[in-house]
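Participant: Chain order of the listed sequences is A and B.
Here the first sequence is numbered in the numbering used here, starting from 1 and rising by one per residue.
Here the second sequence is numbered in the numbering used here, starting from 1 and rising by one per residue.
No lab work stands behind these hints, which were simulated from the structure alone.
Be aware that one or more of the hints could be misleading.
[Said to hold, decoys possible] Within a straight-line C-alpha distance of at most 27 Å, the following computed DSSO-like cross-link-like pairs (lysine-lysine) qualify:
hint, chain 1, residue 1, chain 2, residue 2
1, B, Lys843, A, Lys184
2, A, Lys202, B, Lys1053
3, A, Lys74, A, Lys63
In this text, all values refer to a predicted model and were calculated from it rather than measured experimentally.
Each chain, written out:
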Amino acid sequence: MTTNAQKSKSAITLKGSAEILCDYLDYGINSILFQRGLYPPENFKADENYGLNIWMSTDNKIKEFLSTTLGQLKGWLVERTVNKVALVITNVKTLEVMERWDFNIEYEGDIKAGPDQTSDKPLKQIKNEIRDVLKQIASSISYLPLLDCLCSFDIHIYTINDVEMPTGWAKSEPANVKNAQNVKMRSFSTSIHKMETMVTYKNVD
Amino acid sequence: MDFDLSKENIQPLRGGRNVQQLGMALQAQTSREYQAELLHQQQEFENLIRTYEGDDPLENYYNYVSWIEQSYPKRGHEGNLIPLLETCLQLFENDKRYTNDRRYCKLLIKYFDTLPNPLESYQMAKSKGLCVGCTDMYKAWAYYYEAVGDFQSAHNVFEEGKKNLAQPYDELEIAHNNMIMAAGQHLLFGPDETRLQEKRHALTSLQTHHGGRVNSVRTPFTGGGGPGTLGAAVGMMGGVTNNNNNAASGAVRVYEGAGLQQAEAAAAAPASVIAAVRRQDVVKENELKPGPWATVPVKKRVVGDKGGPAFTVHCDVPDNPPLAFSPTNVGIRLPKNHPRACLEDYSDFRVAISYPEAHNPAAVPMYPKARVYARPDTEFSIEEVRAERYPRGLPPPPPPLATPPQQPQAVFTTPRIKAEPETLNGAECLQGSLHELKNDIQRSMQTPPKELSHRSVQQDSPMLHQNSMPNTSRVVKTEKHSPLQKSTSLKVQQQNSASEMRNPFTSWCLSPAKSDELNIWDTPPKATPPPKTNFQIFEQSLTEDQLKAPAKGSAMKTAFKDLNAEELAETGSRGGMDIAAIAHPTESASQNRNENVVDSPTTYTFNFNLNNMMVSTPQNKRSVTTCGQAEDVATGQVKKQLFAEPAKAVLPLPINKTADKEKALSTILEETHPYASSSSSSGATTKSSLYPNQTNKVSTISEEHNSYLQQNMMVNAALRSSLLGNIMDLGTSSACPVTTPPPAPTAPMPSPMQCSPFESPARPVPIPKPTAPLEFVPSDPFKSSLINQLLERISFPGAHTYGYVELPFINKIVAKKEPVFIGQERYIVEKQLGKGTFGVVFKAFDLTNNRSVAIKYQKPANKWEYHICRELQARLAEHPLRDRFMDVSIGYFSDQASILISEFMPGGSLLDLANLHKQRERKPMKECLVVYFCIQMLQMVQAMHDVKIIHADIKPDNFLVFILPDNTIGLQLIDFGCGIDMSLFPADAAFTRAVTTEDFVCCEMLDGRPWNYHTDLFCVAATAHVLLFDSYIRLRKQDGLWSITQRFNRWMKVDLWNMFFSSLLNQQSGPTDTAILQAMLDETLCTLNKDSSTSLPNQMRYIVNLLKNQ
């Protein structure tokens, strides 16, 4: 998973940073899919990373979908054209947006350095930060409402305007939750990218 | 928010949690401060429940339950959720309003979820007819069947719901379809028990709280299948139930006994579902049987055979003479063939107690020895010996211990019961309940076991908690009848009190009377508080008698009647007209009401009325005559709830003027200027001569205006050409006090625009657009559905788009140091200023504009207040008093909450000022200041009413004070949350909904009559009362005329205040006209100013300094 750039303790390159973000998103999204009960639990198996047991989907379709999406995202992250990734959970029947997980991306450090930009933030520290966020995601079930209907998920990627749309992608409307309440999680940063996680959910009462 | 460490202690909620509240609850577990805050909130909720008197008591309970759920995330007993649910559900179980209420249904489901056997509970609730119209009920019910795989029953439940047309119907259908799909999967993939049983850890609850079907396989549902329409569903019904009878489905049918059809057979629902459920589920405190303390088995020592116990409890063998040695007595078991120790039988061996001695003349016994030891084997006690003296010829009496304990009681019971029939016969009308009462008394006196049953009956009623003695309940019962059957109940009470005096255990509970107060409008209003002691009962009924006598007595009333018929109309006491109008229809009612005023000395009220009559001046003539007519009409129609054809003769001119403004803004606006700066207020007397010939014309004008616009234009022309002078005069008379600053001779009169403390806002003020009024008059102008309808009608935000911001969500605001974004603006929320029912007000600093603002956070969103504020600003665009009303600079709205940004006023509210003054001076404000504030308030209310807006929530805390440039104090009216825009209702609309702000409920509401503008005037009077006396207004009604119970101090301007209160409290209908009152107040102020100790400028200086140094 990890690239050479990450392994060399001296620096993390822009590409490596994008890789870290995508890894986080992979684990984070899988964890959300599991925690929120979108797919039956027997389709998940535990995978250890960041010092945590994270439940990853074993469903091939989901794996494939995530890997293509995140692979595409990686390219955009390197180009610095993405500013937000959103995991949208919708009711299958009514197509109502039940919940939205926002992963806001900010670009830090010396942006002018271009593709050669590096960061010397220790990988271990980054991983610890990621672990904390993942823990928060896992604990979000304590306040999120029960999804007692069939739900599906979708991933929206918010880019700056002049990005060419690859095949298989389509423009979509922003998914807003009605009666929204939102909770910010911790954020983590690789000193190149900064990722902030946030969940917006429907408040029933 | 960091919940990762405590997530195991948080019970997931079906509807999700509020993160702020959760955070606070978690912090409260460790921090004392938060704990105190939590407790405080809890107390607030409980207070609200306790003091609520409106018509939706469930709302408070529901909020409280949700709050508990949110704030006690462990769902443990510390939140006391289940007892609360039980209390609440039982309280409203038989309340027709809530039978199909969704909130009630939710509470019911919440409660059933906690029970060990929810299916039975649902069954019971259904047969009782509880919530049969709520979809939620069926969803939750069916879930339990589904959880055990009994899809057939789940289906039946849904069918039942469809049959009952549960609302919302589409949700029910969706849920039903989901269930059918799950059943299909169940069929396809086989009864996969593991899938159903294996709840995912993330969603399993700490307790038995069952989530939804999140763990079933998600394959998209492909339409079709499942009964979609009602007809099909009903058609299927019969077949389904038949199937169910011989259902041998593979599913495990655990709750077979509680099948639907069985419930149909056993249709007899329990009287109270909750009570029945509760009975099954009583918490057993100690289930252990009494037994040995040690768990270690005690070794038994057995001699001989091992059959019997080693230890027998010693019991006397009464008849047999005691054996010297019997093995059974000692406890040692001997074999039967064990040889006896002694073969001789000593059974008749007795030892003599005494040996008779020969009579010895030398020795004199100090007691009757011969009689004590009359027989050798017995010894009599001295008492027995003595007792022998009384019943001659009887054997010595049995020992006194054997006397039954009831005897002394019975001794005094009998005469009482005997006495009772007499008193009962003496009474004229006896009702069945009284008979029961009597029976109760007798029963409970004679037979203790029946007392018990009597008590248990009482405990079924939810309000009774602690009546331990049957006596208390009885007294309360008699209390209920007291107004009707005074003489009887009085005597019964005496008896009861007599019995209670001997009974030291009586404990009182207030609740039964409380339950009476709840439906106070249904029952004849009596509301006599439950007496604290026995003696008080007795006294109270006496005072009632006394009070009633003068009220009924003809002397007082006739005096007034004679007066008001002829003379009062002339002298102009409005109160007199009231009496005349009201005396006949509501005579009985007022009699009842008089009982309320227990402590009012009758002589005093008499004086008060006389004062009213004396106050009248020639100026009043016009208002009296017209108002008198209006009242005749009004009182005639009181019973119809609505003024179908209201008295148009008294339509005020100012309203006409605003109508003109709408039509031809420019001209009239110019014309309004003169009166803004024109003459003094003392011109009222000269103008009064103009009134008579004007009223008629004005009335026609207003009528025509109401009907046709074209005619209205004509009228405008006519107004301008011919009547202009008069109209303007009239306008001034009503409006001139508006602009006249307090007539302080020393202070220069600032022009009105100068006295504004603010720059007029930069935003454009839109021209008010008239919206067609509703065709009907609703009874409750505050109902949210109506408000929504109105908002739609005006196409909110309408013209007021500037500063209107819609946001996808608004997070809760808390005071903290770091800036928060609301929309595009950044604010630092500094502190909480106040808290109301629906919102919280914060002081904040607006970083965008660098100014202090007040933030009003409301949840749910209050668009109405924004509308009213803006509308008021627009309608008063050129009015000098425009900035005396709160303006909203920005309003943020999401579908959940709203935030209104307005000017921050450092001066605080009028209430704060009064309190500050009291704190410093130890006495209420000086009269002149109160007069000054009254003028100010009346001006503002007048201006507001002139543009057809009612505030409806005027109170001292809704007036903010600020210091004008000329060092006088100005008031600003805030909080238009309850505002009513009368232009949206038909002309002269009146409402019947009673507001429940304590002490600020206007007389019409108290009388149950329709009200409109008057509520504000009443509230001004109440506010003035607070300022003047430092206490909230207390009212009483005497002969149809409301007055305050507070006595005036001798130095006060009694005439003025009598006039002030009587006219403000008793203005019966029609729009506001406070000109006369304002003139009077002005006049008084002038006279007060003559004396330097009472002069306004001095006092004003003092209070301004007070404010500045605060």
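Participant: Next, verify each hint and record whether it holds.
Facilitator: Taking the hints in turn, this is what the structure says about them:
Our distance criterion of 27 Å between C-alpha atoms is met by lysine 843 of chain B and lysine 184 of chain A, whose separation comes to about 25 Å. Distance hint between lysine 202 of chain A and lysine 1053 of chain B is unfulfilled; the C-alpha atoms sit about 60 Å from each other, more than 27 Å. Using a Cα cut-off of 27 Å, the hinted pair lysine 74 of chain A and lysine 63 of chain A holds, with the two alpha carbons roughly 16 Å apart.
Of the numbered hints given earlier, the model fails hint 2 alone.
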